[in-house]
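Trainee: Turn these sequences into a full structure, and let the hints guide you.
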Amino acid sequence: MATEAPDYFRPEHGMVLTHLLIVRDVDRSREFYERVLGATVVRERRPAILRFHNSYIVINDEGGPTDDKPSVRAQAPADPDVLSGAMNVRVTDVRAVYELWCSRGGEFLTEPKDHGVEIRCYLRDPDGYLIELGQGTGILAEVDAG
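Heads up: the sequence shown at position 104 corresponds to 104 in this note's numbering, and the numbers run straight through without jumps.
Derived by calculation from the structure, the hints in this document are not laboratory data.
The beta-carbon is built from N, C-alpha and C at its ideal position, and this holds for glycine as well.
Be aware that a few hints might be false.
To be verified - With a straight-line Cα cutoff of 16 angstroms, these simulated EDC-like cross-link-like pairs (lysine to aspartate or glutamate) come out:
#, residue 1, residue 2
1, K113, D93
2, K113, E99
3, K113, E132
Stated by the list, open to error - Ranges of calculated distance between the beta carbons of each label pair, as one might list FRET restraints:
#, residue 1, residue 2, range
4, R73, A96, 19 to 29 angstroms
5, E132, R73, 39 to 49 angstroms
6, P70, R95, 44 to 54 angstroms
7, R73, T18, 15 to 25 angstroms
8, T66, H115, 36 to 46 angstroms
9, D25, P65, 15 to 25 angstroms
10, D67, G105, 36 to 46 angstroms
11, L100, H19, 40 to 50 angstroms
12, A96, R51, 16 to 26 angstroms
13, Q75, A96, 33 to 43 angstroms
14, L109, G14, 32 to 42 angstroms
Mentor: If you want it as structure tokens, here you go:
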């Protein structure tokens, strides 16, 4: 008999995009995303799942291949200074969120910088994943015109 899926697996409009992070210590990473970013834990582990506003962050351990991806190993970033992907978080007031996350222990690479079309800054999670915090300014007009 099939069990009903929890609400966090039931997309409101037929589909939901989540971001999977492979980490060295699930508890440490889950605590970071809950404490600093304010995400809500909906599952503790195997994998950990956190709701972050209208999306989800899935956090899982490193590990070897599985039967559905037989040649793929899951591994946290080896070098935090080599970027292969990042989460982008867009807000209406980047400076206010920057201050809030700093007060919760977030350590940013720089303060928010104005680049004309957007204001942005970056912080890293415990495994070195880069998180961009940004506020669109002129970039939104470019997207709307396209």
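Trainee: Next step is simple, just say for each hint if it's right about the structure.
Mentor: Now for the hints, and whether the structure bears them out:
no.	hint	in the structure
1	K113 with D93	holds, 13 angstroms
2	K113 with E99	holds, 14 angstroms
3	K113 with E132	holds, 12 angstroms
4	R73 with A96: 19 to 29 angstroms	violated, 40 angstroms
5	E132 with R73: 39 to 49 angstroms	violated, 26 angstroms
6	P70 with R95: 44 to 54 angstroms	holds, 47 angstroms
7	R73 with T18: 15 to 25 angstroms	holds, 20 angstroms
8	T66 with H115: 36 to 46 angstroms	holds, 41 angstroms
9	D25 with P65: 15 to 25 angstroms	holds, 21 angstroms
10	D67 with G105: 36 to 46 angstroms	holds, 39 angstroms
11	L100 with H19: 40 to 50 angstroms	violated, 21 angstroms
12	A96 with R51: 16 to 26 angstroms	holds, 21 angstroms
13	Q75 with A96: 33 to 43 angstroms	holds, 35 angstroms
14	L109 with G14: 32 to 42 angstroms	holds, 37 angstroms
Comparing the model with each numbered hint stated earlier shows that hints 4, 5, 11 do not hold.
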